[in-house]
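One line per chain: the protein sequences are A and B, in this order.
Using my numbering, the first residue of the first sequence is number 408, and each one after it goes up by one.
Using my numbering, the first residue of the second sequence is number 49, and each one after it goes up by one.
Think of the hints as simulated: they come from the structure by calculation, not from any bench.
Glycine is no exception: its CB is placed at the ideal position from the N, C-alpha and C atoms.
Warning: the hint list may mix true and false statements.
Facing chain B, from chain A, some residues (calculated, C-beta under 8 Å) [unchecked claim]:
#, residue
1, PHE414
2, GLN416
3, PHE461
4, GLU735
5, SER736
6, ARG741
7, ARG743
8, GLY744
9, ILE745
10, LYS747
11, ALA757
12, PHE758
13, GLN760
14, ASP761
Cβ-to-Cβ under 7 Å is the rule here; a few derived chain A residues that face chain B [stated by the list, open to error]:
#, residue
15, PHE738
16, TYR739
17, SER742
18, ALA746
19, LEU753
In case you want the letters, here they are:
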Amino acid sequence: MTGVAEFTQLPAAAPWLQHLRETAYRHFSELGFPTTRNEEWRFTNVAAIARANFVVGAPQVEVTVPSPAVRLGLGEAEPQLARYAGFGQNAFVALNTAFVNDVVFIHVPKGAVVEQPIEISFEALENAAAHPRVLIVIGANAQCTIVESYRGKGSYFTNAVTEIVAGDGAVVDHYKVQQESLSAFHVATLQAQLGRSTNFSSHSISLGGALVRNDANAVLSEGTEATLNGLYIANGTQHVDNHTVIDHAKPHAASHELYKGILDGKANAVFNGRIIVRKDAQKTDSKQTNKNLVLSDDAVINTKPELQILADDVRCTHGATIGQLDAESMFYLRSRGIAKDQARSLLIFAFAQDIVDRIKVQSLRDSLERVLFEKFHEHAH
Amino acid sequence: MNGMALLEIKNLHATVGEREILKGIDLTVNPGEVHAIMGPNGSGKSTLAQVLAGRELYHVTDGQVIYDGEDLLELDPEERAQAGIFLAFQYPVEIPGVSNMYFLKAALNAVRKSQGQEELDALDFLNLVRDKMKLMDMDQTLLNRPVNTGFSGGEKKRNEIFQMAVLEPKLAILDETDSGLDIDALKLVANGVNTLRSKDRSMIVVTHYQRLLNYIVPDFVHVLSEGRIVKSGGKELALQLEESGYAGIGLVDEEEAVGTV
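So here's chain A without its partners, still in its complex pose (with noise of 0.2 Å):
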């Protein structure tokens, strides 16, 4: 099991960190791997994960943490690490937990604007299991805007959690960007607590990886917005998987999820989409679209709302397509003088685009829209 045997070997840590790790590692012994007959993980294979060989690598990090936002050191990460990302049911999660080591710890002090995003990038090393971690702790009535990337170079595996924890009334936007090696795996999960009439908006890209598996999880207060955005694009034999999980715990808050994806070749594709509405979290709004653009007879796609409704007073619609190039929209354009190739970039551009307009952040619409301007350019040849 891959980094497993080197658990034992780690330097002891401050009690209260050696504690954490022994428990997430007992928990994740106990846990192993998920296998395809559980429902969580049903189309989506860990084996090959389970089976590699990789050592456990920190990878390269680069973190840019505009003031007033601050980073902090691991000690300081105790009231709040892995208090919100649960491991008791996660492998991969207790995993991560078991190797926790160097965090990216960043708070955001009550009311503080952060006007530059805080930046946080992973470089993974070649034929390594990295684990890397984030913590970020965000003041009552702060605004900030995160945008965590992931990369590297050849086959290795990447676990990641990222906690985010969002006072009241806080705004929050959040990116992750996953343009991992076309070798690599990648296993990540993002847990939200938010407070109370807290925005809050994320946005998961991801472009690379050969096996991939988000999960995004938001846990929300009264009144609080969430966004969960994603766009997935997956050719040759790429597998993502994205998981979400939306808990109305309270009421009056609102949800928006969109989720995009665009398979080629003989890619394979999950979206789980859970949304829960618990007793007393009546006057929910909440709307879930999945919508995915199979380019291919090879492709796959399996796509799944799960609403577990306890309330009365809610409003909650789903819809999920599965669709090809519109023929209408083709014949129009070529109808106009542009060649058939170039009208199908257009057409698979801008279903992506509808996503990356969403962004925010100007460099980062930009360099996205640079890289499926790239990706779509191959589609047409």
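Once you've looked at the hints, dock chain B against the given chain A.
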């Protein structure tokens, strides 16, 4: 070449699925001429328009179409457009995510490139389209909106004629450009079309109703029924149809028939 027809359709047959829709169309269009094609619903008017533009949904099973000396049926839709054919759609397609400006610039540059002209950058393009937008009374914000997305019926039809003004085709085919327009929008669209009439530009105007032809006065009128041209004449034929209906010349119009039940 003087005296050569721009478009020659000979014995054109076309099917969709198993059903034959065009059953032997013959039509010759010379440079600068405006031909109206009228006919009841289901007569094959729109099919003819789409076949000429290269819609793959329809299969040509017999006959010939010579355009500008070339076998038109051998060309892909984009090659037809590059050769100067323009179809104004009856139902312009909404394309979310592609701006009208990006779309039209790509189209114009594709046409220019095929004709050995230099491609235009965004600024040159804007300069070129400004007057044409005025012609169609179009707000510049329409350029930045996604193609036809959220446009009203009138805006969509105006956008079609605006595209035609930008692409400057040799043969424009207007497929029921009048449908769904109120009289003010109709006048605006007709005015745009009339401005684009020239001795080098031919037009085929497909319409169910004579109303449009009060504003776009054709040189010839053809009546299509059950996949064939059954009557041809001058502009007075349209007026005759207006008075007597398709029934007056012995045709059954599904729409009129339904109206009397």
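Right, here's what the structure says about each hint:
A hinted interface residue such as PHE414(A) counts as satisfied when its beta carbon comes closer than 8 Å to some beta carbon of chain B; here the least separation is about 48 Å, so the hint is violated. For GLN416(A), the interface hint is violated, since its Cβ never comes within 8 Å of a Cβ in chain B; the closest pair sits about 52 Å apart. For PHE461(A), the suggested interface contact is broken, since its CB lies about 40 Å from the closest CB of chain B, more than 8 Å. The closest approach between the C-beta of GLU735(A) and any C-beta of chain B is roughly 5 Å, which is under the 8 Å cut-off, so the hint is satisfied.
Hint status for SER736(A) relative to chain B: holds, with the closest Cβ pair at about 5 Å, below 8 Å. Nearest Cβ of chain B to the Cβ of ARG741(A): about 4 Å, under the 8 Å cut. The hint holds. Interface restraint check: ARG743(A) against chain B, minimum CB-CB distance 4 Å, threshold 8 Å, status holds. For GLY744(A), the suggested interface contact is upheld, since its CB lies about 4 Å from the closest CB of chain B, less than 8 Å.
At a threshold of 8 Å, the smallest CB-CB gap from ILE745(A) to chain B is about 5 Å, leaving the interface hint in force. Annotation: interface hint on LYS747(A) holds; nearest CB of chain B at approximately 7 Å, less than 8 Å. Given hint, ALA757(A) at the interface with chain B, holds; its Cβ is 3 Å from that chain's nearest Cβ, closer than 8 Å. Using the Cβ-Cβ criterion of 8 Å, the hint placing PHE758(A) at the interface with chain B is satisfied: the shortest such distance is roughly 6 Å.
Because the smallest distance between the Cβ of GLN760(A) and any Cβ of chain B comes to about 4 Å, under 8 Å, the interface hint for this residue holds. For ASP761(A), the interface hint holds, the least distance from its beta-carbon to any beta-carbon of chain B being 5 Å, beneath 8 Å. Residue-level restraint check for PHE738(A) holds (minimum Cβ-Cβ distance to chain B is 6 Å; threshold 7 Å). Satisfaction of the interface hint for TYR739(A) is found here, the shortest Cβ-Cβ separation to chain B being roughly 4 Å, below the 7 Å cut-off.
A distance limit of 7 Å between C-beta atoms decides the matter here; for SER742(A) the minimum to chain B is near 5 Å, and the interface restraint holds. Annotation: interface hint on ALA746(A) holds; nearest CB of chain B at approximately 5 Å, less than 7 Å. Taking 7 Å as the C-beta cut-off, the interface hint given for LEU753(A) holds, the closest approach to chain B being about 6 Å.
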